[in-house]
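Chemist: Sequence:
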Amino acid sequence: MTFFDVYEIIIPILTILALLYAGIEDLLFREVRREIVWILMIGIGIILDVVYIVLFDGNFYEPLAKILLTIVIGFIFGFVLFYFGVWGGADTKALWALSVLTPIHPLGGNILGVDIGQEILIINSSVFSILINSGLIALLYPLILMIVNTVTAARGSLFDEVRGSGSEKMRCFMFGYKKKVAKINHKRMHFDFLEELPKKQFQGKFTGNFEGKADGKFTGIFSGKIDGEITGTIIGKLFKTIDKSFDEMNVEDVIKNANKIVEAHSIESDDEDEKPNLVLLKYRELFAKEKKESQLTDSETLIISDGIFHGPIEGIFIGTIDGFFSGKFTGDLLGKLEGDFAGASSKGKLSGEKSGDISEWQLKLRFGLDDEYVMERRQLRTLWQLQSHKKETVWVTPGLPFVSFMLVGYILYLIFDNLAIFLFALT
1 MTFFDVYEII IPILTILALL YAGIEDLLFR EVRREIVWIL MIGIGIILDV
51 VYIVLFDGNF YEPLAKILLT IVIGFIFGFV LFYFGVWGGA DTKALWALSV
101 LTPIHPLGGN ILGVDIGQEI LIINSSVFSI LINSGLIALL YPLILMIVNT
151 VTAARGSLFD EVRGSGSEKM RCFMFGYKKK VAKINHKRMH FDFLEELPKK
201 QFQGKFTGNF EGKADGKFTG IFSGKIDGEI TGTIIGKLFK TIDKSFDEMN
251 VEDVIKNANK IVEAHSIESD DEDEKPNLVL LKYRELFAKE KKESQLTDSE
301 TLIISDGIFH GPIEGIFIGT IDGFFSGKFT GDLLGKLEGD FAGASSKGKL
351 SGEKSGDISE WQLKLRFGLD DEYVMERRQL RTLWQLQSHK KETVWVTPGL
401 PFVSFMLVGY ILYLIFDNLA IFLFALT
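Quick note on the numbering used here: the sequence shown kicks off at 1 and runs consecutively.
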């Protein structure tokens, strides 16, 4: 058995196993946690590419040029598609690894023996053929979703709980489906929501008490006691006393001063020892930084970044609180509150400007990918709103990773080479 016989066997097996593993990881955890899979693919690929060139019977410049061109094409395509948000990091690394591990068709061409006559080198490259094949398979996905939505529509209205234009509804029909809110597991949200509520915004003064939940951002000053759990970021200053009463303060000036304090105390150092020892914000993780009693100097800086704060904040606070709150508040609040909140206030009094009161849910189509942190934060906020407002169903778009389509695209590559050109050659 020669090296080329082994090459025909080992390359397809390694590639299929690697893509299968990556696809499962990406589907379950929205990331490929063990980067070693890409390193192994590239490392083994480099070794086999070199041996292939050395043992090639003929002008070695031919396989050398093809291998180098394929790698260059793979890295360019991968970077461009990632840069424009078409896909995520795992898909990019998968394409890069494929370009190194399988730059040459291991079987010498499609196994059906059809001459598809690829004369242009770029079109003849393996990564281009795999991308074309993967894209063709991905096009079937909207067809499947439309069939599912057609069946759902036969049982009742698809858009009875949401508002949107005709084009938005059509795109949701093609790229999304309705999911029951009660069946959503916050630890396994492998999709993105296609609906959102308009943001509430209040600017002015609140006096009294509030018990419930809020998700958003407060910028300003409060005097009193917040007792509960705050998940997110708190940056500001705590004071024992202040010179002016709330009635003497201008809300615009308060917001400006709060933002100045935040800018002055934002965490910019790269030194890990200078950063708060807090976990990354994930609602399902627990971290406690408790202040059971107010033991303050005249002015104490309070910085909690991406953590979960348990226990009361009592005194006078100026700054921002950005995240999710569940608990009780008693006192005075002056500034701007953006987001959503649900709860009860037996003695609360508002004076100021409000906008974005609860209305119909609206379709929100998203293009490209957000940062993982931003996406998870948005998903959890939307899930909380859905549950708080007792919504039964919601439009979502599936989160099937493109690396899964690459696996199917590679198998089609082994059989047909470039499927699009293969079908064209048959006509």
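Because the hints were derived from the structure by calculation, they are not lab data. The beta carbon of each residue, even a glycine, is placed where N, CA and C say it ideally should be. Careful, some of the hints might be misleading.
[Unchecked claim] Simulated restraints on C-beta separations:
#, residue 1, residue 2, range
1, 399, 153, 19 to 29 Å
2, 146, 387, 25 to 35 Å
3, 250, 146, 53 to 63 Å
4, 31, 392, 46 to 56 Å
5, 56, 151, 21 to 31 Å
6, 400, 160, 19 to 29 Å
7, 2, 181, 51 to 61 Å
8, 328, 89, 22 to 32 Å
[Unchecked claim] Derived pair list, reagent style BS3-like, types lysine-lysine, alpha-carbon separation capped at 27 Å:
#, residue 1, residue 2
9, 179, 244
10, 187, 225
11, 244, 217
12, 169, 391
13, 240, 205
14, 347, 187
15, 179, 328
16, 260, 169
Chemist: Checking against the hints above, which ones are violated?
Modeler: Per hint list: 4, 5, 8, 9, 10, 14, 15 and 16 violated.
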